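**Student:** Note that this note's numbering gives residue 33 to position 33 of the sequence shown, counting from 1, and the numbers run on in steps of one.
Hints in this document: simulated from the structure, not taken from any laboratory.
Small disclaimer: the values here were computed from a predicted structure and weren't measured.
Keep in mind that a hint or two might mislead.
Cβ pair distances, simulated, as ranges [stated by the list, open to error]:
| hint | residue 1 | residue 2 | range |
| --- | --- | --- | --- |
| 1 | R34 | D5 | 25 to 33 Å |
| 2 | Q31 | T3 | 39 to 47 Å |
| 3 | A2 | C30 | 29 to 37 Å |
| 4 | G11 | Q31 | 41 to 49 Å |
| 5 | L6 | F26 | 38 to 46 Å |
| 6 | V29 | L8 | 25 to 33 Å |
| 7 | A2 | L32 | 41 to 49 Å |
| 8 | L33 | A2 | 27 to 35 Å |
All C-beta atoms, glycine included, are put in the ideal place defined by N, C-alpha and C.
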Amino acid sequence: MATRDLQLNSGMRCAKYMLLIVSFMFASVCQLLR
């Protein structure tokens, strides 16, 4: 159970970073298109 919790935690962290990067890229594209 602990290992599964750890995997889920790391997965959530990874997803959070992915979302951060995607939003950052989207903001950059919007700035360029403006």
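**Student:** Run every hint past the structure and note whether it holds.
**Tutor:** To see whether the hints hold, each was checked on the structure:
no. : hint                  : result
1   : R34 - D5: 25 to 33 Å  : violated (43 Å)
2   : Q31 - T3: 39 to 47 Å  : holds (42 Å)
3   : A2 - C30: 29 to 37 Å  : violated (42 Å)
4   : G11 - Q31: 41 to 49 Å : violated (31 Å)
5   : L6 - F26: 38 to 46 Å  : violated (30 Å)
6   : V29 - L8: 25 to 33 Å  : holds (31 Å)
7   : A2 - L32: 41 to 49 Å  : holds (45 Å)
8   : L33 - A2: 27 to 35 Å  : violated (47 Å)
Hint violations for this structure: numbers 1, 3, 4, 5, 8, all remaining hints satisfied.
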